[in-house]
Structure formats: structure tokens, C-alpha cells
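Asks: One-letter residues, chain by chain:
There are 2 protein chains.
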Amino acid sequence: MLPEDRKWFTEVCKEAGSAQSWVIEEHLAHEVTEFQTIDIYRTAKWGNLMVIDGFVMLTGRDNFLYHEMLSHPALYSHPAPKNVLIIGGGDCGTLREVLRHPEVHSATQVEIDERVTRLAEIHFPELCDSNEDPRAHLLFEDGLEYMRNIDPGSIDVIIIDSTDPVGPAEGLFGPKFVADCFRALGPDGIMTQQSESPLLHPHLIAGIRQNMEKAGFGDIRTLGFPQPCYPSGWWSATMAAKSGSLDDFRQEDIRHRPFPTHYYNAQVHQAALAVPVFMQAL
Amino acid sequence: MLPEDRKWFTEVCKEAGSAQSWVIEEHLAHEVTEFQTIDIYRTAKWGNLMVIDGFVMLTGRDNFLYHEMLSHPALYSHPAPKNVLIIGGGDCGTLREVLRHPEVHSATQVEIDERVTRLAEIHFPELCDSNEDPRAHLLFEDGLEYMRNIDPGSIDVIIIDSTDPVGPAEGLFGPKFVADCFRALGPDGIMTQQSESPLLHPHLIAGIRQNMEKAGFGDIRTLGFPQPCYPSGWWSATMAAKSGSLDDFRQEDIRHRPFPTHYYNAQVHQAALAVPVFMQAL
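As you go down the protein sequences, you meet chains E and X in turn. The opening position of the first sequence corresponds to residue 98 in my numbering, with each subsequent residue numbered one higher. The opening position of the second sequence corresponds to residue 98 in my numbering, with each subsequent residue numbered one higher.
Same shape as in the complex, but just chain E (with noise of 0.2 angstroms):
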């Protein structure tokens, strides 16, 4: 029993048979969009909340995780990333964190509903802190149909920041897509998904990774670290390279990088390659 004392919001994860509460203090927005619901919630202790069709998307406590790890190991892996495509992350944190490599010539942000980008630029104001750099693109449009008909080779990192696969979401976790963004990237080109629970979703991770490899890709990986707002607190982004070793990552520049990270460091990126014993099956 969640103690009725306080307001809070849960999250039931069925298929695990688990659920996470927060203790909430203010409901500061509902709205039904074309595409799904969206709630932002004022929590007692992990910032704002952002909620789409019931599942947490982020807290203003915990995202600095999946927004260093779903940008740096891909752009550290990249020989010289300048254009930079992300499909989805509409509260702009990964936007944020793909825009602090100088080297970054141009950054796009597919996000298909508008309104989460609006609201994350009232509710979480400091992921949303790059959306007025000259090089970042805001584009509000469908990423399926956005990565059809991209320009073969044109592209240097693609970073899938989607909500989970069910709903709109969907079609960015098939293998059309994956094969799509296969052709948009350049020879040395990288992609990166966030690819869920790898205690949850061991099968889901399995078939990101068979999807990659059928598109070409060369090296693929899957980096797993905590992310205490989703269910299991454990999370993870799967990387693929079109050419060359994952292992061979920028450690030098990681370690002269000219901007502030909170937990990524040249360490962590080696330490999320790390495969667990039950992973290595995948």
C-alpha cells in the first residue's frame, strides 16, 4: 500500500509484475495530442516528471544518465562527428549533450509531437538550453518517413531516443528502419538505440542487435547503465559501427573534452562495454 497521506504517481510495468511510485506535488500538465497523452508532474524529490501514455520519460533528478550515455559513447566512437541525426528525444536532453562537441557542425532533432518539445521547454528549461544554437535543426515529422528518404551517406551518428517500442515508437525498433539508417550514414558511420532492460528485456536487445547486424553494420554493442526512473533501474543504449572496432573509442579526447559531464567519463564508457556473464548469450 502507497501511504495515503501523500499524492503519488505509478508506473505499473505488467510484464515485470513490479511498479514505481514518486511522490508528487503539483500535476503541472495533461494534454491529449495527436500521437499520445502527455503528463508533467511536479515530484517531491526527483524534480519534474514526464509522463507520455503512463510511462515515465524522464525525471529533472536521473536524466543526466540517459542523455550522457545515449550521446557521448556514440560521438566518442566517431572518428569526427559533424552531422549529428536524432530521431525522437523531443525534451531535447540528448540535443543538448550532441551539441556540446565543438565538432558538431549540425545536429537534427526528429521528433514526431511537437508538444513534447513545447513542454520540455517549459518544464525541464535546462535540457532545452541548445535548442537556439545555429546548429541544431528542430524538425517536427514523422522519423520512419524522415529516414526514408534522407541522403544515402550524409549522415555521421544517428542516435534513436524513442519511447518504448509500442505506439508511435513502434516502427523505429523494426528492421525497414534500422536498414534505413544503415544507408544515411557515412563509412565511418554510427548508430545508437535505446534498447530497454537488459534484465527485463533480454529478447528485445537480441532482436535490436539481429536487426543491426542484417543491416551491415560491422560492430555492434549493447552498454548498460543504471537508470533509476525505468522499470529495473537498469537500462541500456545499443551501439553499431559501420566500419572499425567499438573498442577504439576517442579516450584521449574524452578525457580534454571541453564541457562538464556528471557521470560519463572515459572510465564509464569503457566500463558500460563490459558484457555480463547472462549478456554474452545475446
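Any given hint could be a false lead.
The list treats identical chains as one, so a pair stands whether inside a single copy or across any two.
Result set (EDC-like, lysine to aspartate or glutamate): computed pairs, CA atoms no more than 16 angstroms apart in a straight line [as the list claims (entries may be wrong)]:
#1 Lys-339 to Asp-285
#2 Lys-111 to Glu-101
#3 Lys-111 to Glu-122
#4 Lys-142 to Glu-112
#5 Lys-311 to Glu-128
#6 Lys-339 to Asp-136
#7 Lys-273 to Asp-210
Note that these hints are calculated values from the structure, not bench results.
Go by the hints and put chain X onto chain E.
Replies: Leaving out everything else, chain X in the frame of chain E:
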């Protein structure tokens, strides 16, 4: 709100303003002992669940992470661990992992509450596999007292597998106890202590590290690992060596270990030593 068509066990983490819940199918045991209240539940998806004084101790599904990370890094950091001492650890999962190491001659478990072990034998029999091993010594007494009277230099590895630093375990987080551990260890001695969540309890980790430093330990490292059933899903063990560097662990021996693990391997050990940026301040 938790759906009312299922029964739930909920742990509220007051200081974090969050809670975690599991669907339960049966309340298997409820005992009020001299020291605490123990409950065992059968959950829908996490196997059996042990709860002490309302706090989750372990589930059948994810305890492998905690037990492997509390035992193997310490044992493989010692050149030849013969005599191992476990303080707490009543569920016997750490004891089982310790006794997988053939070089261990003796493993003594000092648990204050015999009922924890007796209930584990019934409801977590897989963790109690090694209780009949002739090298296993199960004592049911106060770990603080035990450590005060132990022969100096008699132990190779001490593992503090305790509950949270409230109630009977409080003293295990104090400087006197850590000084007793230092004295009990041989010249290559290593201690490791469960040290709560890097995200939620950084000050507690800092305190443990200070105690270890004051006691005279040379190298001190905090190892992070996932632990879904604990608040934030991210947990730690803090390891301290009397002499030498904890970077020099027996990697070759890990690769040729004569027993199975589900999470731990040499890569995972190395990865757990990585220090995220925000932890460097500790």
C-alpha cells in the same frame, strides 16, 4: 494508484520520495523475532521476496547481482583467500558464492538473527546450497561483538553483507567496527561492505570510505552494480585493501574460474571499478 485487481507489496523509500511495488501471490511467512520482523512473499514475476522491517532484502530473480558483486571482486582481489568472514548475510547467498572458490578453506558467517537463515533455507533453498559444506561455519551472534574478540591477522577477506544502517546493522557502519576489521585482517587483507545507492546515499558512501581510510586501509574503491529490487535500482559495494592496489586483481583466475556466474566476469569486475564523474568528489 496501484491496480486493485492484484495484491502488491510496496516498499516506500521515504528519503527518496519514491516507492517500489511487486505483485504478490502469497504471503509465505511472517515472523517477529528478537531483532526484527521478517516477511516472505511469493511474487508473480520475481520469485520469492524477503522483507525485513518493511525493507526489501532480496528477490529470487535479481539477488545474483548483489551476491556475486559482494563476494567475487573481493576474493579475486586477494592473492590467496583462505579464511573468509561474512558479517550478516543470513540468506546465505554470499556464503554460497564464497564457497565456490576452491582455495577457500573456511568461510564463517556471523548472522545476528538465526531466523533469517532458517527462513532462507525454506524459501530460498538455492541460496543455502552450501550450508552443509564442511568449510561453512554458521554462527548466530552479534557481528560487532564477534569482531571485537577475533584473533588479529586471522582473516583474509571480510564481507559486510548487512541490512541498511538503521536497526541492528547500525554499528556495522561505524568507525570502531571498521577498525576491528582492519585488525582482524592479514597483511594482504581485504574488506568489502554493501554501501547503498550511489545516487541516493553518496554521503553514506563517503562516510564508509572515511572510516576505512581512518582505520588504515590503503586502496579504497566503490564498485557500482545494478540491483533492481533496491531503491534507485543502483547499488554499491565499497572495497578496501590493507596493502597493494585493487587494480591488481586475478584476471586470469577469473577467466579460468571453475564455477558458473550469471553476471560477474573479469570485464564486469574491471567495469565496476570505474568512477562516474559525480562520484569522484567522494
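Asks: All hints, please: hold or fail.
Replies: Against the structure, the hints come out as follows:
In the homo-oligomer, the alpha carbons of Lys-339 and Asp-285 lie at most 16 angstroms apart inside one protomer (6 angstroms), although the nearest pairing across protomers, at 47 angstroms, exceeds that limit. Taking the shortest Cα distances, Lys-111 and Glu-101 sit within 16 angstroms of each other only across copies (13 angstroms), while inside one copy they are farther apart (23 angstroms). For the identical chains of this complex, Lys-111 and Glu-122 are inter-copy neighbours only, at 15 angstroms across copies versus 25 angstroms inside a copy, given an alpha-carbon limit of 16 angstroms. For the homomeric pair Lys-142 and Glu-112, the shortest alpha-carbon distance between copies (8 angstroms) is at most 16 angstroms, but the shortest distance inside one copy (27 angstroms) is not.
Neither within a single protomer nor between protomers do Lys-311 and Glu-128 lie at most 16 angstroms apart by alpha-carbon distance, with minima of 39 angstroms and 55 angstroms respectively. Proximity of Lys-339 and Asp-136 under a CA criterion of 16 angstroms is satisfied in neither setting, with 38 angstroms inside one chain copy and 52 angstroms between copies. Taking the shortest Cα distances, Lys-273 and Asp-210 never come within 16 angstroms of each other, neither inside one copy (22 angstroms) nor across copies (57 angstroms).
Comparing the model with each earlier hint shows violations of hints 5, 6, 7; every other hint is respected.
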